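**Q** Here are the chains, one letter per residue:
Number of protein chains: 2
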Amino acid sequence: MSTPHAAIRALLFDVFGTVVDWRSSVISELETFGRARRIDIDWATFADEWRSLYQPSMEAVRNGTRAWTILDTLHRESLDELLEKHGVIDFTDHDRTYLNETWHRLKPWSDSVAGLTRLKSIYTLATLSNGNIALLVNMAKHAGLPWDAVLGAEPAHAYKPLPEAYLRTAAFLGLAPQQCMMVAAHNEDLAAAKALGFHTAFVARPTEHGPGQTIDLEATGDWDFVTDSMTGLADLLGA
Amino acid sequence: MSTPHAAIRALLFDVFGTVVDWRSSVISELETFGRARRIDIDWATFADEWRSLYQPSMEAVRNGTRAWTILDTLHRESLDELLEKHGVIDFTDHDRTYLNETWHRLKPWSDSVAGLTRLKSIYTLATLSNGNIALLVNMAKHAGLPWDAVLGAEPAHAYKPLPEAYLRTAAFLGLAPQQCMMVAAHNEDLAAAKALGFHTAFVARPTEHGPGQTIDLEATGDWDFVTDSMTGLADLLGA
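Line by line, the protein sequences are chains A and B.
For the first sequence, position 56 (counting from the first letter as 1) is numbered 91 according to our numbering, and the numbering increases by one without interruption.
For the second sequence, position 225 (counting from the first letter as 1) is numbered 260 according to our numbering, and the numbering increases by one without interruption.
These are computed hints drawn from the structure, not numbers from a lab.
The model shown is predicted, which means the values in this text are computed figures rather than measured ones.
Keep in mind that a hint or two might mislead.
Stated by the list, open to error - Simulated crosslink set (SDA-like; lysine to any residue; CA at most 25 Å straight-line):
id	chain 1	residue 1	chain 2	residue 2
1	A	K176	B	S60
2	B	K176	A	A149
3	B	K142	B	S60
As the list claims (entries may be wrong) - Computed beta-carbon distance windows for the label pairs:
id	chain 1	residue 1	chain 2	residue 2	range
4	A	T104	B	I250	40 to 48 Å
5	B	Q248	A	S63	51 to 59 Å
6	B	G122	A	G273	44 to 52 Å
7	A	G99	B	A149	46 to 54 Å
8	B	D83	A	A42	31 to 39 Å
9	B	E84	A	S156	34 to 42 Å
10	B	E94	A	S63	51 to 59 Å
11	B	S87	A	D270	21 to 29 Å
12	B	Q248	A	P181	44 to 52 Å
13	A	D270	B	I250	31 to 39 Å
14	B	R72	A	T255	50 to 58 Å
15	A	F68	B	D128	36 to 44 Å
16	B	L88	A	T255	51 to 59 Å
As the list claims (entries may be wrong) - Only some residues are given here: those of chain A computed to face chain B with a beta carbon under 10 Å:
id	residue
17	H139
18	S145
19	D146
20	V148
21	A169
22	L210
23	L231
Where a beta carbon is used, it is the ideal one built from N, C-alpha and C, also for glycine.
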């Protein structure tokens, strides 16, 4: 039997939660900013609320009732909505842009840079994220993520889990789904990719959503590889 | 007077001729392949003919008479046309794909990797090439080019020198033209970028077209920076 990874040329990465620890990064930046402005809000709750608006905000774009809109814009709309809900009205446009770009400054999990650097010696590494290009490029500069290509929803003009997000990303690389492996901490993301013929690797991130996380604690599908770090994935792939 | 580069966040690079020496790379690969197949053609002439079909092949896409088509496809059509012209009829589809991907394996000028690596510590480095994403990503893996983002004609769906190629590339990075500098060995490329508000850097590559080169031997416009290597550009920008 041939090994499942013999045909794989590119690894396509979910980013939020899989490569970077969005929650603790966002909470930390919000708390610092709030303290400087003497605004007393439970910023952990605020961060969770911000993220809870993520999927709904993309849905209008996915179902075609809204024209293509990048994630920076959706994040900003959600931020404005939450600031109003929490009674914060005196943040300037400059403040809000700065806070919105917290998502450009997310910190990687401790194993991400080392694991990706090893994997890059064998595979083409590309993002397959719903984040927009500027967000992902700035994050990579900030966090030292060694992508070969920053792809995903924006160049594909489709948000995951729509099939076009996956298929167009593979096509941009000149590859068939069978030559690519989706790497994600989210079972639903892998299920969408696998249905299209992509190989799959689950990287458990059981604290992505904080101490009370209830989903994606473990692999729930028949994925090709299961691990709990990028260095673990490099081990499994012999990189 | 403020230095012209104080506002610059990203450097956008022309690739063919500016970063890589396409002509000697293509001639070398064609000669090796031709020798193995015992086909006696003047491969330097063949390479120049192949490149001479480059601009005409994009023109139908630029003027809208042909739907968006990536450069790999245009290169392949030109290759097939030239092989027929030179009486080569026994190359298989596999042979032709291999030869077409010569453009994915172009060698960098000797100063490119060192210069880009220095520039990357200060600026976001992105391609703004008419090459398609797969071509540029494979080239970067092969040549060690440390791009932060592989952008340009394919994600912009517009070939240079159409304004959309430049403007959409800046927009993908979340930047205004005034925050970007176009880096090219071609005066016409810089003229198109400058007209849109981009900063400009000319990198002389007087042997790009071989010993008989007659164009782009020197800067013919009022560019912000003029040099003859990527390490020279890094020197000028203090990187």
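**Q** All the hints need checking, so say for each whether the structure fits it.
**A** Against the structure, the hints come out as follows:
| no. | hint | in the structure |
| --- | --- | --- |
| 1 | A:K176 with B:S60 | violated (31 Å) |
| 2 | B:K176 with A:A149 | holds (18 Å) |
| 3 | B:K142 with B:S60 | holds (6 Å) |
| 4 | A:T104 with B:I250: 40 to 48 Å | holds (43 Å) |
| 5 | B:Q248 with A:S63: 51 to 59 Å | holds (55 Å) |
| 6 | B:G122 with A:G273: 44 to 52 Å | holds (46 Å) |
| 7 | A:G99 with B:A149: 46 to 54 Å | holds (48 Å) |
| 8 | B:D83 with A:A42: 31 to 39 Å | holds (37 Å) |
| 9 | B:E84 with A:S156: 34 to 42 Å | holds (37 Å) |
| 10 | B:E94 with A:S63: 51 to 59 Å | holds (52 Å) |
| 11 | B:S87 with A:D270: 21 to 29 Å | violated (50 Å) |
| 12 | B:Q248 with A:P181: 44 to 52 Å | violated (36 Å) |
| 13 | A:D270 with B:I250: 31 to 39 Å | violated (52 Å) |
| 14 | B:R72 with A:T255: 50 to 58 Å | holds (53 Å) |
| 15 | A:F68 with B:D128: 36 to 44 Å | violated (58 Å) |
| 16 | B:L88 with A:T255: 51 to 59 Å | holds (53 Å) |
| 17 | H139 | holds (9 Å) |
| 18 | S145 | violated (23 Å) |
| 19 | D146 | violated (22 Å) |
| 20 | V148 | violated (15 Å) |
| 21 | A169 | holds (3 Å) |
| 22 | L210 | holds (8 Å) |
| 23 | L231 | violated (18 Å) |
Of the hints listed earlier, those the structure fails to meet are numbers 1, 11, 12, 13, 15, 18, 19, 20, 23, in rising order.
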